[in-house]
Amino acid sequence: NAGVTQTPKFQVLKTGQSMTLQCAQDMNHEYMSWYRQDPGMGLRLIHYSVGAGITDQGEVPNGYNVSRSTTEDFPLRLLSAAPSQTSVYFCASSHGGQGAWADTQYFGPGTRLTVL
Amino acid sequence: GENVEQHPSTLSVQEGDSAVIKCTYSDSASNYFPWYKQELGKGPQLIIDIRSNVGEKKDQRIAVTLNKTAKHFSLHITETQPEDSAVYFCAASKHSGGSNYKLTFGKGTLLTVNP
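Chains as they are written, first to last, in this note's numbering: chain A, 18 to 133; chain B, 2 to 116.
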């Protein structure tokens, strides 16, 4: 299994541009999430999904959109990039359901985004 | 919502010493407390977790303790090695729909193990 994959690894945008960060997992996990990591801030939840067709907002959703049309993919869209969205973005997935192993979240390698 | 505070923000120890990182949480309904290790340029990786029905859990050199009354939990690393150097994050969540998938993270601790 490749686990959780993210593309691109690095991206530079100009203010106002749009783009989509891709996330895919091959573990048949129900739950997927997007976090952003800023220096000294830890990881903050942007959006999450509990299954195909179901998404909801996390702690810092403004400026981001998500959709979940398949179990495997969970793209994050920036509609009009702003310098405040400069960050490292991590996608994560977990199996869900019952059992001690169900809650473990597996993280992708991250996308480093710079908005000029 | 949940608030997780983590201390210290940086920790430097000598190889072979123990390291302790502490976290407090605010929501008494939280019941799942994972710890993640993040190496430079990589995504966080789960190293150990504990649930609210358990007070302590060990895995080789790593242990986590939980005090539900005081709402704090701690990570203990014994016999530290240079490869333990990384950023460590604590997190908390509560069951929703049967699973814990909305994690609230602490701000992280940069652990440096000096040879």
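In short, the hints are calculated from the structure, not lab data.
Incorrect hints may appear among the rest.
[Stated by the list, open to error] With the Cβ distance kept under 7 Å, some of the chain A side facing chain B (calculated, not the full set):
| no. | residue |
| --- | --- |
| 1 | Tyr48 |
| 2 | Gly59 |
| 3 | Tyr81 |
| 4 | Phe107 |
| 5 | Thr121 |
| 6 | Gly125 |
[As the list claims (entries may be wrong)] Derived pair list, reagent style DSS-like, types lysine-lysine, alpha-carbon separation capped at 27 Å:
| no. | chain 1 | residue 1 | chain 2 | residue 2 |
| --- | --- | --- | --- | --- |
| 7 | B | Lys43 | A | Lys31 |
| 8 | B | Lys95 | A | Lys26 |
| 9 | B | Lys58 | B | Lys95 |
| 10 | B | Lys58 | A | Lys26 |
[Claimed, not checked] Interface residues of chain B toward chain A, partial, derived using beta-carbon atoms under 7 Å:
| no. | residue |
| --- | --- |
| 11 | Tyr33 |
| 12 | Tyr102 |
| 13 | Phe106 |
| 14 | Gly107 |
Note that the Cβ used here is the ideal one computed from N, Cα and C, for glycine as well.
Outcome of the hint check:
| no. | hint | verdict |
| --- | --- | --- |
| 1 | Tyr48 | holds (4 Å) |
| 2 | Gly59 | holds (4 Å) |
| 3 | Tyr81 | violated (16 Å) |
| 4 | Phe107 | holds (5 Å) |
| 5 | Thr121 | holds (5 Å) |
| 6 | Gly125 | holds (5 Å) |
| 7 | B/Lys43 <-> A/Lys31 | holds (25 Å) |
| 8 | B/Lys95 <-> A/Lys26 | violated (31 Å) |
| 9 | B/Lys58 <-> B/Lys95 | holds (19 Å) |
| 10 | B/Lys58 <-> A/Lys26 | violated (35 Å) |
| 11 | Tyr33 | holds (6 Å) |
| 12 | Tyr102 | holds (4 Å) |
| 13 | Phe106 | holds (4 Å) |
| 14 | Gly107 | holds (6 Å) |
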